[in-house]
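Assemble the whole structure, with the sequences as input and the hints as a guide.
Spelled out, the chains give:
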Amino acid sequence: MNERSGTAASLLSFFEELRSEGVAVGTSEILDCFEALDEVVWTDPRDFREAVAATVAKSQEDRRIFELLFDRHFFRAAEAEALEQGISEQRFDGGNRLDLDQLREAVRQAITAGNDGEMRDLARLAISAFGRRGERSGVIGVDVQRIRRNLGLQGGRGDGAGGADLDRAAVREFEQHLRRELERATIERTGKLPPSRPLAELDRALPTSPAQDLATVHRAVAQLKRRIATLGHEVRGRQRSPVVDIRRTMRASLETGGVPLRLKHRPRRPRRPEIYVLCDVSTSVSSASVFFLSVLHALHDSFRKLRSFVFIERISEVTDVFEHERDFRKIAERISSEGGVADVSGYTDYGRVWLEFGDEIAEDLGPRSTVIVLGDARTNGREPHAAEFGRIAEHAGRTFWLNPEPKLYWNYGDSVMSAYEPYCDGAFECWTTKHLENFVNVIASGARGASAN
Amino acid sequence: MPESPSSVTEVRDGLGEVGYLADESAALVSFLAQRLGKPILVEGPAGVGKTELAKALSRSTGRDLIRLQCYEGLDEAKALYEWNYRKQLLRIQAETADEAEAGWAGARGDIFSEEFLLTRPLLEAISSPEPVVLLIDEIDKTDQEFEAMLLEVLSDFQISIPELGRIEAKTHPLVLLTSNNSRELTEALKRRCLYLWLDYPEIERELQIVRLHTPELDETLARRLVEIVQMVRQLDLKKPPSIAESIDWARTLLLIGAEDIDRKTFEDSMSIIVKHRSDIDLVSERVTVKLSAGSEEGVTGLPGAGA
Numbered sequence: 000m001n002e003r004s005g006t007a008a009s010l011l012s013f014f015e016e017l018r019s020e021g022v023a024v025g026t027s028e029i030l031d032c033f034e035a036l037d038e039v040v041w042t043d044p045r046d047f048r049e050a051v052a053a054t055v056a057k058s059q060e061d062r063r064i065f066e067l068l069f070d071r072h073f074f075r076a077a078e079a080e081a082l083e084q085g086i087s088e089q090r091f092d093g094g095n096r097l098d099l100d101q102l103r104e105a106v107r108q109a110i111t112a113g114n115d116g117e118m119r120d121l122a123r124l125a126i127s128a129f130g131r132r133g134e135r136s137g138v139i140g141v142d143v144q145r146i147r148r149n150l151g152l153q154g155g156r157g158d159g160a161g162g163a164d165l166d167r168a169a170v171r172e173f174e175q176h177l178r179r180e181l182e183r184a185t186i187e188r189t190g191k192l193p194p195s196r197p198l199a200e201l202d203r204a205l206p207t208s209p210a211q212d213l214a215t216v217h218r219a220v221a222q223l224k225r226r227i228a229t230l231g232h233e234v235r236g237r238q239r240s241p242v243v244d245i246r247r248t249m250r251a252s253l254e255t256g257g258v259p260l261r262l263k264h265r266p267r268r269p270r271r272p273e274i275y276v277l278c279d280v281s282t283s284v285s286s287a288s289v290f291f292l293s294v295l296h297a298l299h300d301s302f303r304k305l306r307s308f309v310f311i312e313r314i315s316e317v318t319d320v321f322e323h324e325r326d327f328r329k330i331a332e333r334i335s336s337e338g339g340v341a342d343v344s345g346y347t348d349y350g351r352v353w354l355e356f357g358d359e360i361a362e363d364l365g366p367r368s369t370v371i372v373l374g375d376a377r378t379n380g381r382e383p384h385a386a387e388f389g390r391i392a393e394h395a396g397r398t399f400w401l402n403p404e405p406k407l408y409w410n411y412g413d414s415v416m417s418a419y420e421p422y423c424d425g426a427f428e429c430w431t432t433k434h435l436e437n438f439v440n441v442i443a444s445g446a447r448g449a450s451a452n
Numbered sequence: 000m001p002e003s004p005s006s007v008t009e010v011r012d013g014l015g016e017v018g019y020l021a022d023e024s025a026a027l028v029s030f031l032a033q034r035l036g037k038p039i040l041v042e043g044p045a046g047v048g049k050t051e052l053a054k055a056l057s058r059s060t061g062r063d064l065i066r067l068q069c070y071e072g073l074d075e076a077k078a079l080y081e082w083n084y085r086k087q088l089l090r091i092q093a094e095t096a097d098e099a100e101a102g103w104a105g106a107r108g109d110i111f112s113e114e115f116l117l118t119r120p121l122l123e124a125i126s127s128p129e130p131v132v133l134l135i136d137e138i139d140k141t142d143q144e145f146e147a148m149l150l151e152v153l154s155d156f157q158i159s160i161p162e163l164g165r166i167e168a169k170t171h172p173l174v175l176l177t178s179n180n181s182r183e184l185t186e187a188l189k190r191r192c193l194y195l196w197l198d199y200p201e202i203e204r205e206l207q208i209v210r211l212h213t214p215e216l217d218e219t220l221a222r223r224l225v226e227i228v229q230m231v232r233q234l235d236l237k238k239p240p241s242i243a244e245s246i247d248w249a250r251t252l253l254l255i256g257a258e259d260i261d262r263k264t265f266e267d268s269m270s271i272i273v274k275h276r277s278d279i280d281l282v283s284e285r286v287t288v289k290l291s292a293g294s295e296e297g298v299t300g301l302p303g304a305g306a
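If you read the sequences in order, they're chains H and D.
Every letter in the first sequence is one number past the one before it in numbering that gives the first Met the number 0, and letter 86, counting from 1, is 85.
Every letter in the second sequence is one number past the one before it in numbering that gives the first Met the number 0, and letter 103, counting from 1, is 102.
Don't read these hints as lab results, they were simulated from the structure.
Just to be clear, a hint being listed does not mean it is correct.
Within a straight-line C-alpha distance of at most 27 Å, the following computed BS3-like cross-link-like pairs (lysine-lysine) qualify [to be verified]:
| no. | chain 1 | residue 1 | chain 2 | residue 2 |
| --- | --- | --- | --- | --- |
| 1 | D | Lys77 | H | Lys263 |
| 2 | D | Lys54 | D | Lys140 |
| 3 | D | Lys77 | D | Lys238 |
| 4 | D | Lys140 | D | Lys237 |
| 5 | D | Lys54 | H | Lys304 |
| 6 | H | Lys304 | D | Lys237 |
| 7 | D | Lys54 | H | Lys329 |
| 8 | D | Lys77 | D | Lys54 |
| 9 | D | Lys274 | D | Lys237 |
| 10 | D | Lys140 | D | Lys238 |
| 11 | D | Lys140 | D | Lys86 |
| 12 | H | Lys263 | D | Lys289 |
| 13 | D | Lys289 | H | Lys329 |
| 14 | D | Lys140 | H | Lys263 |
| 15 | D | Lys238 | D | Lys263 |
| 16 | D | Lys274 | D | Lys263 |
| 17 | H | Lys304 | H | Lys329 |
| 18 | D | Lys54 | D | Lys189 |
| 19 | D | Lys274 | H | Lys304 |
| 20 | D | Lys77 | D | Lys140 |
| 21 | D | Lys237 | H | Lys329 |
| 22 | D | Lys238 | H | Lys304 |
| 23 | H | Lys329 | D | Lys77 |
Sample of chain H residues at the chain D side, in silico, Cβ under 8 Å [said to hold, decoys possible]:
| no. | residue |
| --- | --- |
| 24 | Ala23 |
| 25 | Glu28 |
| 26 | Glu34 |
| 27 | Asp46 |
| 28 | Glu49 |
| 29 | Thr54 |
| 30 | Lys57 |
| 31 | Gln59 |
Yeah, the Cβ is synthetic: ideal placement off N, Cα and C, and Gly gets one too.
So, in structure tokens, the structure goes:
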């Protein structure tokens, strides 16, 4: 155990880092991990990594964070060790004699072959070659892109139909090598490690362009569906229902000698939720409404009884659009062209929206319906008609508000969130997938917020 | 534990022999699971071979496969054990009046013996004299309570039956749980498992898989097929084609004797990989166009096909 203490310590600090990024690494996981490491060959970095990942990262999200941190952490650990022991790698000096075209060709070959060691060597060659030409900017990210462009590397963009293009993943791997070698050079030059930084919130913020990562939203929404469907299940589960469960009754009758004295009832099945989603699509939430629309889009695949509405100054039902269109971009286009939600000014008028919704739709609402409002509650100084919203909330079984602004900004300026909040069963900030999941969690745990009625 | 594998390569080769091409992580995790005796939690989109992995493991290790298909409302009576009340009833009624008085004490002990126990998959896996592979399929479809019930089975490999006491595993089953990730599983369950994320395979591996299952199919045609399937997966579909479906498609092409996937062949056989009305529209809009272009470029492309 002793000679491994270096690795063990390093692993432990890696787990510490994982924890600080929100991955729940328990003691039992750590024990499992060490047990698993006893079983694999340590010389294969891939096995090592997979073994650690399989025991520690227990969801895809965790796995993503794991991947982001793993390289960084062990690269830093190795460099720290090297610094301490005064080891530095010899810089390669043959770069100027190497023909650029030759290098290009060699890199291409290495990438196609996917040879890890070769790619690394070539990355260093490329760096020294370009360093000599005085093109180094000093900013690692910029340098990587410059070198990549100089080498003429282009990730295959045509979904595999592009022909001679290189595999995009492989190019990215090469970029990763470049980045690491550049970092290593910097560390060796300055003789100290750059400060470690937590993962930027950016790394896990919501997808801003829907085409980019609709899948993430879809996943979160798939969970939402499940949670809503089983909401309060545990409370209702054993309540009596009129249907007698013959099997359980018979089994219970054994206790009384085969005479069914006690009737067992079938547990009540959870109700099918009816969901009304109201989505603000005005300019003040333009970045968020893209996300909201993707949520709507995803919800439509999941629920059958879902009616969706978009609003700015007026409200308009878009259930049909979602039912008939699959392509997200087309949906966005159709909503903006024929939604008829902007009247004159194009500014949101929540009050008017409630009045319209109350007039036309509210009578359809019942105790089984859930109303979810997606919007920033910025009324542009118009009358909020909070009482009308209250009436809607009263009709509906549950009302939730998702606000794309951080809680800090609520009630500043023209935001009238506080007027609406009392009527909701819960109001949540929602600008990352994490928030969306949090929302799912909260409604699943049955917490009914500070409800006014 | 008899013959547990000694290396990752051994596991991978074993799986390969029974027709399952495992990737690095799948082989490693299966190896670890057998060495450490821990359950595997396999997650991934539908149709990437999660269930197939369990079947392949059972074939390669020569163990029986016991499968528990989960669904909403699954309870312990259907998963663990149940008292065979009909038989118990008969046992009580078979007792004639003269021995009833004396026999009561005996009968009481009797009707709660193993003879009257109906084993359900979990108990069956635990009590099997031979080691088995236990597949708990689509665990995310069940309720949280069911997960909690599984914990005892998964961590200690034992089941407590109030009337009988504890039944401990005679052999160590290899447990796989699959999930489509439709809900977050509880931390307690995850903690006891090794985690494996299976994703759609890259092009080369999928090609290998398709070739393995339809060796008669022409290599270039198989490659083209896999390329198209991968292209289709890039689209935002309700249900992207699974590996099983690419294999089905390969078999179909073999059956109809296609020599190239041109526009017409694709349109005719598309329904094998795409199964939603709206998906079909999307695919024919995006992919079919590329196809006709592709067959014009291609040397073997039939000029008359793209009408």
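Here is how each hint holds up against the structure:
no. : hint                    : result
1   : Lys77(D) <-> Lys263(H)  : holds (17 Å)
2   : Lys54(D) <-> Lys140(D)  : holds (20 Å)
3   : Lys77(D) <-> Lys238(D)  : violated (30 Å)
4   : Lys140(D) <-> Lys237(D) : holds (19 Å)
5   : Lys54(D) <-> Lys304(H)  : violated (38 Å)
6   : Lys304(H) <-> Lys237(D) : holds (18 Å)
7   : Lys54(D) <-> Lys329(H)  : violated (43 Å)
8   : Lys77(D) <-> Lys54(D)   : holds (22 Å)
9   : Lys274(D) <-> Lys237(D) : holds (9 Å)
10  : Lys140(D) <-> Lys238(D) : holds (18 Å)
11  : Lys140(D) <-> Lys86(D)  : violated (32 Å)
12  : Lys263(H) <-> Lys289(D) : violated (61 Å)
13  : Lys289(D) <-> Lys329(H) : holds (21 Å)
14  : Lys140(D) <-> Lys263(H) : holds (25 Å)
15  : Lys238(D) <-> Lys263(D) : holds (23 Å)
16  : Lys274(D) <-> Lys263(D) : holds (18 Å)
17  : Lys304(H) <-> Lys329(H) : holds (22 Å)
18  : Lys54(D) <-> Lys189(D)  : holds (22 Å)
19  : Lys274(D) <-> Lys304(H) : holds (22 Å)
20  : Lys77(D) <-> Lys140(D)  : holds (15 Å)
21  : Lys237(D) <-> Lys329(H) : holds (16 Å)
22  : Lys238(D) <-> Lys304(H) : holds (20 Å)
23  : Lys329(H) <-> Lys77(D)  : violated (47 Å)
24  : Ala23                   : holds (6 Å)
25  : Glu28                   : holds (6 Å)
26  : Glu34                   : holds (6 Å)
27  : Asp46                   : holds (6 Å)
28  : Glu49                   : holds (5 Å)
29  : Thr54                   : holds (6 Å)
30  : Lys57                   : holds (4 Å)
31  : Gln59                   : holds (6 Å)
Of the numbered hints given earlier, the model fails hints 3, 5, 7, 11, 12 and 23; all others are met.
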